[in-house]
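Number of protein chains: 2
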Amino acid sequence: MKYLKIFAPATVANVSCGFDSLGLAIDNLGDQMSFEKSDEKGIRIKKITGASLPTDINKNAAGVVANAMLQQVSPNFGIDIEIHKGYKPGSGLGSSAASAAGAAFGVNQLLGNPFSLLELTQFAMLGEEATCGSPIADNVSAALYGGFVLVRNYDPLDIVKIPVPIELRLVCIHPEVTVKTKDARDVLPKEIPLKNAVKQWANVGGLISGLYSNDYELIGNSLVDIIVEPVRKHLIPHFDLVKSTAIKAGALGAGISGSGPSIFALCKGDANMNKVYDAVKNAYKTTSINFSIITSEVNTQGIKILEQY
Amino acid sequence: MKYLKIFAPATVANVSCGFDSLGLAIDNLGDQMSFEKSDEKGIRIKKITGASLPTDINKNAAGVVANAMLQQVSPNFGIDIEIHKGYKPGSGLGSSAASAAGAAFGVNQLLGNPFSLLELTQFAMLGEEATCGSPIADNVSAALYGGFVLVRNYDPLDIVKIPVPIELRLVCIHPEVTVKTKDARDVLPKEIPLKNAVKQWANVGGLISGLYSNDYELIGNSLVDIIVEPVRKHLIPHFDLVKSTAIKAGALGAGISGSGPSIFALCKGDANMNKVYDAVKNAYKTTSINFSIITSEVNTQGIKILEQY
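If you read the protein sequences in the order shown, they are chains C and H. Number 104 in UniProt numbering belongs to position 104 of the first sequence; there are no gaps in the numbering. Number 102 in UniProt numbering belongs to position 102 of the second sequence; there are no gaps in the numbering.
For the record, the hints were derived by calculation from the structure and aren't laboratory data.
Each pair may be met inside one copy or between any two copies, as identical chains are not told apart.
Straight-line Cα separation of at most 25 Å, BS3-like style, residue types lysine-lysine; simulated pairs:
hint	residue 1	residue 2
1	LYS199	LYS233
2	LYS59	LYS88
3	LYS85	LYS59
4	LYS47	LYS37
5	LYS195	LYS182
6	LYS161	LYS199
7	LYS161	LYS195
8	LYS233	LYS195
9	LYS195	LYS180
10	LYS2	LYS41
Next comes chain C alone, as it looks inside the complex:
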């Protein structure tokens, strides 16, 4: 293989109750990336469209990941990368993770697939560390594995892929405001009441159980976050409006995507998804904030190959 073009999905981290542990991949939103072998060794980012990001490989998530992989394998060729961002960084939908995961997947393909999915996740985490300050795994593992993932443990890294009920759909609204990751982290409590933690992990158990047993009602009932959402939602304009509108329109539940400002709602079936989409869109139009909104299936495949030769 000399050339590869892929789709790297946007991702929702946390998924209400699963702060820093759960993620899911979106099917209708993500980056396109191409990888081409070059006689010139090393990694080059030749072009980035759709967002203003550094092409310096030491400052770009994809560059950091690709470079780390090449340094480990030392092939007799180099790789030129192009990145076409399909959505904006800072949305809370794993923008750096899509590029990092996409780079890990694409470079691995051109290298002849020496690395496992778990190893690719570890490489992709280097991209998160370089751009977000910490090597978080929930977005990158969701992008690489597809579907729902549980980051059960970091040391050693253990990623569990959770099945996705066939009618599960999502609506995602991105209010065009900036939520700095640092601000979103700063509002987090260092300590929480044990009784709240118990409620939260009971809901994590319920959500995982609902996903395995196709129990949409249980999924909806478990989409509760009593720890992070209450302190973070003030950073997101009209969060309560979106959540209550989505639920009133029949969504299973709704919450903050990652550290925001995007808000996701999970739905059962296309009809309900479209109803929730219309309701949330119409409600948000009454505010003064620009936004984009999408509907999607859950991406169960992860990164997709679009073209290769």
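Assemble the complex: chain C is given as a structure, and chain H must be docked to it using the hints.
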């Protein structure tokens, strides 16, 4: 039906990571209880063997539960109850819960089954409240539903039955010391670090996932409790010895049963269960503490009818 004899199982609450949320039922340990219709209205506890417990229906878990049910239905008969305790109260194996759940089940049968399993759980919780001070649901729901249960929510009560991998076995050792529930509660922290809570709920997610997917390695890896076990284990003589011996002998994991002093180990298959049983038994013999130890399948049925006419 005039007469009913049942088996009400002992139960393991918490199951390491799932403090106050998870429970499982034991197949080889529990109470036998009989229920007989009487022309004399009201509830009477005619006999208790195997433990010294009050027969006053307002002070006995089974009595409290049975009385509450009769008051709601007002049948034209009364019920005489006999309780044969198969194991000691204060073991951390849900002794009051077995009697409370057994009473709820037995009385419901004689009444013609007017109540759902969820309603029986709510009645049984009254027995827990009367004897333990709080209406906890993990032991009683495990006894009533069988298998693994998740208490996802209390208000409204939501019990989720989790599937049990077919080769899952357990070993349970009961060091004959007294751990007062109050002492076991007093050592609990009121607040915990958020980062520890995240690790704990990731393991809850892993354990539930492992149970659904028959992934014994994942079950074992998820049997981790970094919040309660570290502060409670000092109340249990030779806890570390039992845990390390069980794991060295191949157990998937081990932890405190409920608030102790019993310690459970989960195993894959009969051969490993027997190996763990021998190893733990021999290790504990070197201590000065009396103990009993059992092996068992997980009870997937809950309460069993032994005799009826």
